[in-house]
Amino acid sequence: MSAANSAQYGFSPMRRALRRLGRNPVALASAWLLAAFYLSAIAAGFLAPYHFDDERRDLSYHPPTALHVRDAAGAWHWPFVYTTSASFDRFYRRQFAVDTAKQYPLRFWVKGSHYRILGLVPSDRHLVGVDAPARIYLLGADARGRDLLSRILYGSQVSLSIGLAGVLITFSLGLLIGGLAGYLGGWVDDVIMRLCEMLMMVPGFYLLLALRAAFPPQLSSIAVYWLIVVILSFIGWAGLARVVRGMAASLREREFVTAAKVAGCTPVGIVWGHLIPNMASYTIIAATLSVPGYMLGETALSLLGLGIQDPHASWGNLLSEAMSIGQVQFHPWVLWPGAFISATVMAYNLLGDGLRDAFDPRLEAGRS
Amino acid sequence: MLRYILRRLLISIPLLLGMSLVAFLFISCAPGDYFDALRLNPEISEATIRQYEAQYLLDKPVLVQYAAWLGRLLQGDLGYSFAMRAPVAHVIGSRVGNTLLLTLVAMVVAWGVAIPLGMWAAVRHRTWVDRFLGLQMVIGMSVPSFFLALLLLYIASRTGILPVGGIRSAGAQSLSPVGQFLDVAAHLVIPALVISAASMAGLARVIRGNLLEVLQSPFVLAARARGIPEKSVLWRHALRNAINPMITIFGYELSSLLSGAALTEIICNWPGLGSLMLTAVRQQDLFLVMGDMLIGGVLLLVGNLLADLALAWSDPRIRYERS
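Protein sequences appear in the order of chains A and B.
Numbered continuously in this note's numbering, the first sequence closes out at residue 374.
Numbered continuously in this note's numbering, the second sequence closes out at residue 329.
Derived by calculation from the structure, the hints in this document are not laboratory data.
Since the model is a prediction, treat every value here as computed from it, not as a measurement.
There's no promise every hint is true.
Said to hold, decoys possible - With the Cβ distance kept under 8 Å, some of the chain B side facing chain A (calculated, not the full set): (1) Tyr-10; (2) Ile-145; (3) Leu-156; (4) Ser-163; (5) Phe-187.
C-beta atoms are modelled at their ideal positions from N, C-alpha and C, and glycine is treated no differently.
Using the sequences and the hints, build the whole thing.
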């Protein structure tokens, strides 16, 4: 053991791992990015210039608004925007005419639509905005002239939280069931493992579609949200339970389990209180790496129109506007939500890699 | 070996049955069925619908329906697709080849690129090559397949170098056989690339990791000490041992490959099993959903079995008879 390691010897493995994580710039940057995404999801109402359903049908597929700092005469100004109006040319292509007559300066802390942060704190202040007739579309507009940035921010509330909710439920189920199977062994083990194999028998996406089909297609967005969480957890616990079972089966032979048994712990108590804490490092890594899977499950369903339904936004159903491939070339900014999805998934993957390196420095990323 | 294969297949039959029962119950729970849509169609009389219902016992309790479905299945009849107006076996038969083509091409591309890339990264461990490839792999793993598909289709529609979706061009029937082949190949590029991209990155990382581990093992040191050329050490000694564990991954890969293929098929308009599944689910076409899931399960089963056999073939330490 080197001097550096022995210096930390007094700390718990968890603290040592967190220290190592703190020295990994890539993992740290990922963690900060994720923190920023989650914070902006919480503050979506404040950060979004408009409400997610605030439409201007006359400005359908408005391109990203140009922020000007110089007027037509060439004089410098505080950043401002012009109003635009849409018309069709003789090929029925949409044309946006910029009206340079009046400047609408960019304002901070403006009054706008009402919202509640976390459903509690009411407010009508927005970070940025412009005065009424003008609209500011920083990332462009969708088919109904709604601000894409606002919809991405509101959509992140769904897409980012669904991954956490799914992982929370799946891991509670998978750890407990897999732990019991491994600890008890015998017929319980057999039944549970056959059940897992049954679920893993069918390609996940086929199962996802079939399960979704069992519920009415038109549900409220809240109901669909929880439905997706439940379906994804129902599919996901099996793979985890198998791994956990293996670990529990080897841990069960250790002395501390015998001690717990002698002390009168129930099987559930032993699994929950003694076996699962011993799998903490695996659990943390696996949970981090499986969040994207749940996110992508939601995104895929919403993309296909089986998930979150229109006035409400999720990154998946925002991206569904890009499904009409022939049209995308006229308004490529509808691809933006995909960039946010990719960034989040990448951050989770890098953070998971970093955690793996931190918990087990002998292993390198990718070595399973 | 034959006994092992038979046992594997025997074990999987009750699993498939259980899976199909659960799926059948779930789908039957769904409010409404395909006949609701059929009733809205003025071309179809109530009597025809009654006849369908009677023929497939769809007016009976769910378990009776399931038993009837199972009975017909044992006779090789997958049922009738009400939406497609054709037997399910026929509908699936026309699609399964497309999915297999797509999946196999994607798999060949993924492994064909991943192995050299992973090796390259491992050999150049801790150099800028390794770091650059590592970054590419993370990006490849992180860009969701549907987004990559949309991006590539967008680029294709901008530039016009590749066909946008589908499997054949409009006038492909009149082309020569070579022309038809090239036409399908051109349509295959985007979906195959999308499906292979994700698994390629993951595979390359695992190969890199495995090879790094093997390269540090004593037998590699011994081989080097004996003066065996580095090239030979790498290709003949290290790689063979690094690839062995990969064969197990092949089985797992197949599931995600089929799942990934489903979504990509839908987006790229590729007429395969995945896009069929979506249509069937949307139209509540009971027998088509069941048939599609069953075929997906069978494909997975066969793939896993092949992976285990390949492992036994490549690694003489593994003997299934005794276990």
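Is the interface hint satisfied for Ser-163 of chain B? The criterion is a beta-carbon contact with chain A at less than 8 Å. holds (5 Å)
Chain A contact restraint for Leu-156 of chain B - C-beta distance below 8 Å: holds (5 Å)
Please verify that hint: Ile-145 of chain B, Cβ, nearest Cβ of chain A, below 8 Å or not. holds (7 Å)
Per-residue hint verdict: Phe-187 of chain B, partner chain A, C-beta under 8 Å: violated (24 Å)
Chain A contact restraint for Tyr-10 of chain B - C-beta distance below 8 Å: violated (17 Å)
Violated hints for the displayed structure, listed by number in ascending order: 1 and 5.
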